[in-house]
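Letter by letter, the chains look like this.
There are 2 protein chains.
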Amino acid sequence: MTFSFKLLTQDKNSHARAGIIHTPHGDVPTPVFAPVGTQATVKTLTPNDLQELGATLILSNTYHLYLRPGADLIAEFGGLHHFMQWPGPILTDSGGFQVFSLEGLRKIDEDGVTFRSHIDGSEHRFTPEKVIAIQEKLGADIIMAFDECPPPHDYNYNVEALRRTHRWAERSKAAQTRSDQALYGIVQGGIFADLRAQSAEFLTSLDLPGYCIGGLSVGETKAQMHEMLEVLHPILPHHKPRYLMGVGSPEDLFECVARGVDQFDCVLPTRIARNGAVFTKQGRVNLRNARFAADKNPIELDCQCYTCRTFSLAYLRHLLIAEEILALRLTTLHNLHFMLDTMRRIRQSIFDGAFTNYKNDFLAAYRTVSSRQ
Amino acid sequence: MTFSFKLLTQDKNSHARAGIIHTPHGDVPTPVFAPVGTQATVKTLTPNDLQELGATLILSNTYHLYLRPGADLIAEFGGLHHFMQWPGPILTDSGGFQVFSLEGLRKIDEDGVTFRSHIDGSEHRFTPEKVIAIQEKLGADIIMAFDECPPPHDYNYNVEALRRTHRWAERSKAAQTRSDQALYGIVQGGIFADLRAQSAEFLTSLDLPGYCIGGLSVGETKAQMHEMLEVLHPILPHHKPRYLMGVGSPEDLFECVARGVDQFDCVLPTRIARNGAVFTKQGRVNLRNARFAADKNPIELDCQCYTCRTFSLAYLRHLLIAEEILALRLTTLHNLHFMLDTMRRIRQSIFDGAFTNYKNDFLAAYRTVSSRQ
Chain A
7 MTFSFKLLTQ DKNSHARAGI IHTPHGDVPT PVFAPVGTQA TVKTLTPNDL QELGATLILS
67 NTYHLYLRPG ADLIAEFGGL HHFMQWPGPI LTDSGGFQVF SLEGLRKIDE DGVTFRSHID
127 GSEHRFTPEK VIAIQEKLGA DIIMAFDECP PPHDYNYNVE ALRRTHRWAE RSKAAQTRSD
187 QALYGIVQGG IFADLRAQSA EFLTSLDLPG YCIGGLSVGE TKAQMHEMLE VLHPILPHHK
247 PRYLMGVGSP EDLFECVARG VDQFDCVLPT RIARNGAVFT KQGRVNLRNA RFAADKNPIE
307 LDCQCYTCRT FSLAYLRHLL IAEEILALRL TTLHNLHFML DTMRRIRQSI FDGAFTNYKN
367 DFLAAYRTVS SRQ
Chain B
7 MTFSFKLLTQ DKNSHARAGI IHTPHGDVPT PVFAPVGTQA TVKTLTPNDL QELGATLILS
67 NTYHLYLRPG ADLIAEFGGL HHFMQWPGPI LTDSGGFQVF SLEGLRKIDE DGVTFRSHID
127 GSEHRFTPEK VIAIQEKLGA DIIMAFDECP PPHDYNYNVE ALRRTHRWAE RSKAAQTRSD
187 QALYGIVQGG IFADLRAQSA EFLTSLDLPG YCIGGLSVGE TKAQMHEMLE VLHPILPHHK
247 PRYLMGVGSP EDLFECVARG VDQFDCVLPT RIARNGAVFT KQGRVNLRNA RFAADKNPIE
307 LDCQCYTCRT FSLAYLRHLL IAEEILALRL TTLHNLHFML DTMRRIRQSI FDGAFTNYKN
367 DFLAAYRTVS SRQ
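Protein chains in written order, with my numbering: chain A, 7 to 379; chain B, 7 to 379.
Please keep in mind that the hints were generated in silico from the structure rather than gathered at the bench. A couple of the hints might just be wrong.
[Stated by the list, open to error] In silico PhoX-like pairs for lysine-lysine, Cα to Cα no more than 25 Å straight-line:
hint : chain 1 : residue 1 : chain 2 : residue 2
1    : A       : K49       : A       : K12
2    : A       : K49       : B       : K302
3    : B       : K49       : A       : K49
[To be verified] Coverage of chain A stretches by chain B, computed from C-beta distances (three or more under 8 Å per stretch; other residues unrestricted):
hint : region
4    : 20-33
5    : 40-50
6    : 72-83
7    : 88-96
8    : 290-303
9    : 306-320
[To be verified] Listing some non-contacts, in silico: residues in chain B with all C-beta distances to chain A over 12 Å:
hint : residue
10   : T47
11   : H88
12   : V224
13   : E226
14   : E233
15   : R323
16   : R335
17   : D347
18   : A371
Just so it is clear, CB atoms sit at the ideal spot from N, CA and C, and this is done for glycine as well.
Please model the entire structure based on the sequences and the hints provided.
And the structure:
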């Protein structure tokens with residue numbers, strides 16, 4: 007089975023879409039949230055844990071895996087699925103975001119980027135061809151064209167970077183030798199509607215199996231992010247999946263699904279979990295708070311995750327205060343369950359014609375971080 | 007069901023014994039190794055993990071739980087079983103070992119010990135009555151008399167400490183108000199055969215449901231530890247369980263079962279796991295070693311633990327080198343499986359009259375730490 011995407015229904019009151027991605031390693035119902043497994047592991051969890059959570063797609067990072075343990079080693083094991091023993095669909099990013107985040111450690115030219123490892127300072131070079139070759143060794147089901155992820159507010163820089171990203175997208179496509187991996191192109195253009203439109207049009211002309219929206223959630227406002235999604239919605243082909251990279255929060259799922267996004271990934275749920283912060287339908291809560299010291303309730307009364315079915319807030323707080331490693335796994339399980347379960351409900355609500363109601367109800371109850379932490 | 011112990015068989019060629027302990031929370035086949043859950047969690051593992059490993063008894067620490075989260079809080083939850091959601095048998099220690107380890111932070115008198123918390127420096131006092139009251143709040147199935155754990159080589163100090171430990175054992179017994187907890191007395195006496203014998207005789211006269219052997223594995227040689235066990239074997243009542251506290255390594259299980267020990271606990275398997283060291287039938291191995299970088303084999307080919315059934319040495323090494331939390335859980339699972347499985351085999355070999363052969367075969371293959379690390 008090779009890659010394909012089927013759009014199953016569209017919401018009448020928004021741009022929300024429900025569909026299904028077929029991949030060689032299984033189906034991914036969309037919209038989908040992909041947990042992040044940067045170093046070939048979703049932090050604290052086993053593949054069994056992920057399957058019990060109902061994860062259908064996970065992301066891993068080309069830059070990190072290239073540096074450690076190395077793409078050749080993973081290829082020797084038959085690819086990332088075998089190396090990490092995750093049998094389901096995997097997506098790898100292009101490495102662009104990480105490489106361009108290495109301020110002072112990288113140099114860009116027309117052909118590619120020379121950079122230094124954040125681990126040992128050793129020098130490396132990424133070109134579109136190299137990044138595709140690495141991703142072919144890793145063997146994910148969905149791979150990314152090499153792109154430049156520029157600061158979002160500098161127009162002239164974005165013009166220049168976008169030209170490179172487009173030439174690199176063409177080269178990435180030309181470099182592909184495996185037919186069992188779906189290559190997505192990455193729309194860039196900062197917070198500039200004309201550049202975003204131009205990027206979507208150009209990449210659409212390459213007829214790729216899917217499209218990423220990159221360079222968002224990097225410092226711009228939510229309103230600017232939403233505006234860019236609205237610009238892109240009519241331009242990106244409707245019968246291809248749209249993947250908003252590095253987003254989001256629970257609120258983002260609703261706001262961005264409403265604007266036509268099918269795919270998400272974000273470290274937020276797993277990262278804040280390791281700081282003791284968990285999602286609830288009323289907003290984000292930090293379990294270290296003294297008010298939970300003797301609380302016999304679970305994080306959420308009606309939550310079906312292992313953590314909530316088993317442990318009290320008092321016990322979870324005790325584990326966090328005592329710096330017990332188990333705490334990190336239990337909070338991670340809850341937060342990923344929250345994201346995956348919310349996304350399953352979003353998808354069902356789209357089929358039921360109830361998405362806008364669900365969105366309004368959720369957002370009315372969900373207080374943002376600033377009011378809770 | 008209250009506590010009882012039944013001795014089922016004794017080995018012909020050694021003092022090895024097989025039996026079963028009945029507790030209000032289930033049966034414990036002996037000899038048994040109890041994983042340590044110091045702060046109401048066996049580090050990195052859930053109760054589900056422990057059940058899948060076949061753990062039948064776990065230990066938790068009176069001193070640590072008293073300080074954090076506090077015995078009253080745990081009592082409010084109906085005791086430790088409910089607080090940590092471990093439904094099986096639990097043992098709590100007396101806190102003596104921890105308190106006497108607080109060099110410079112504690113002061114002993116006839117009535118008890120005044121000490122400062124290692125967490126915040128606050129002052130606390132343990133007496134035999136207080137320690138029993140705390141353990142009654144924690145609600146473990148097996149509890150310990152308050153004892154003094156002295157340096158093993160100082161004869162005069164051991165004489166003095168032993169008198170206190172015996173008076174404290176009497177007071178601990180008198181202080182007990184719950185009938186559903188089995189109070190074990192703790193034999194002390196350092197490395198001195200006469201003191202050990204005296205201690206075993208005195209505590210036997212108190213007719214307690216079980217006996218601990220304390221103050222070993224604290225700096226004496228293995229030969230001295232074995233000698234003490236040989237002194238105690240004929241004195242301790244045969245129809246009561248004997249628990250060697252804080253021991254042991256895989257080799258210790260064999261050597262001490264052979265000398266009549268029924269119960270063990272030790273942090274070693276879980277502690278070294280978190281440093282990347284794992285047990286194999288050939289000895290202890292550190293998974294960070296570069297020779298595992300591309301090794302497709304599991305830690306042990308015939309091991310049935312989740313880690314060995316699922317992951318390669320190369321992947322485990324990658325997780326350790328990349329400082330991924332998952333590594334700690336996977337190595338912990340393997341090491342506890344190794345200990346629990348070895349103990350199950352030891353027990354079966356006692357029934358089969360094959361213990362000495364199994365012991366000789368195991369120890370011939372198992373190289374000690376110094377030759378491997």
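Hints, verified against the model:
Our distance criterion of 25 Å between C-alpha atoms is broken by A/K49 and A/K12, whose separation comes to about 31 Å. A C-alpha spacing of about 22 Å is found between A/K49 and B/K302, which places the hinted pair at or below 25 Å, so the restraint holds. As the CA atoms of B/K49 and A/K49 are separated by approximately 16 Å, the hinted pair is consistent with the 25 Å bound. Check on the region 20-33 of chain A: 0 of its residues sit with their Cβ under 8 Å from a Cβ of chain B, so the three-residue criterion for coverage is violated.
With a threshold of 8 Å between beta carbons, the proposed coverage of the region 40-50 of chain A by chain B holds, since 5 of its residues qualify and at least three are required. Counting residues of the region 72-83 of chain A whose beta carbon lies closer than 8 Å to any beta carbon of chain B gives 5, which reaches the threshold of three, so the coverage claim holds. Judged by the Cβ-Cβ criterion of 8 Å, the region 88-96 of chain A is covered by chain B as claimed, because 3 of its residues qualify and three suffice. Counting residues of the region 290-303 of chain A whose C-beta lies closer than 8 Å to any C-beta of chain B gives 3; at least three are required, and the coverage claim holds.
Only residues whose beta carbon comes within less than 8 Å of a beta carbon in chain B count, and the region 306-320 of chain A has 5; three or more means the coverage holds. With a least CB separation of 5 Å from chain A, B/T47 falls inside the 12 Å interface cut-off, contrary to its annotation. For B/H88, the shortest C-beta to C-beta distance to chain A comes to about 9 Å, within the 12 Å cut-off, and the non-interface label is violated. At roughly 25 Å, the least C-beta separation between B/V224 and chain A is larger than 12 Å, which holds for a residue marked as non-interface.
Distance to chain A confirms B/E226 as a non-interface residue, since its nearest Cβ pair spans about 31 Å, more than 12 Å. The claim that B/E233 lies off the interface holds: its Cβ sits roughly 38 Å from the closest Cβ of chain A, which is beyond the 12 Å cut-off. Not every CB of chain A lies more than 12 Å from the CB of B/R323, the least distance being 8 Å, so the non-interface label is violated. Against the 12 Å criterion, B/R335 falls within the reach of chain A, whose nearest CB is about 7 Å from its own CB.
Distance to chain A confirms B/D347 as a non-interface residue, since its nearest Cβ pair spans about 20 Å, more than 12 Å. A cut-off of 12 Å between C-beta atoms confirms that B/A371 is not in contact with chain A; the least separation is 29 Å.
This entry does not satisfy hints 1, 4, 10, 11, 15, 16, going by the numbered hints stated previously.
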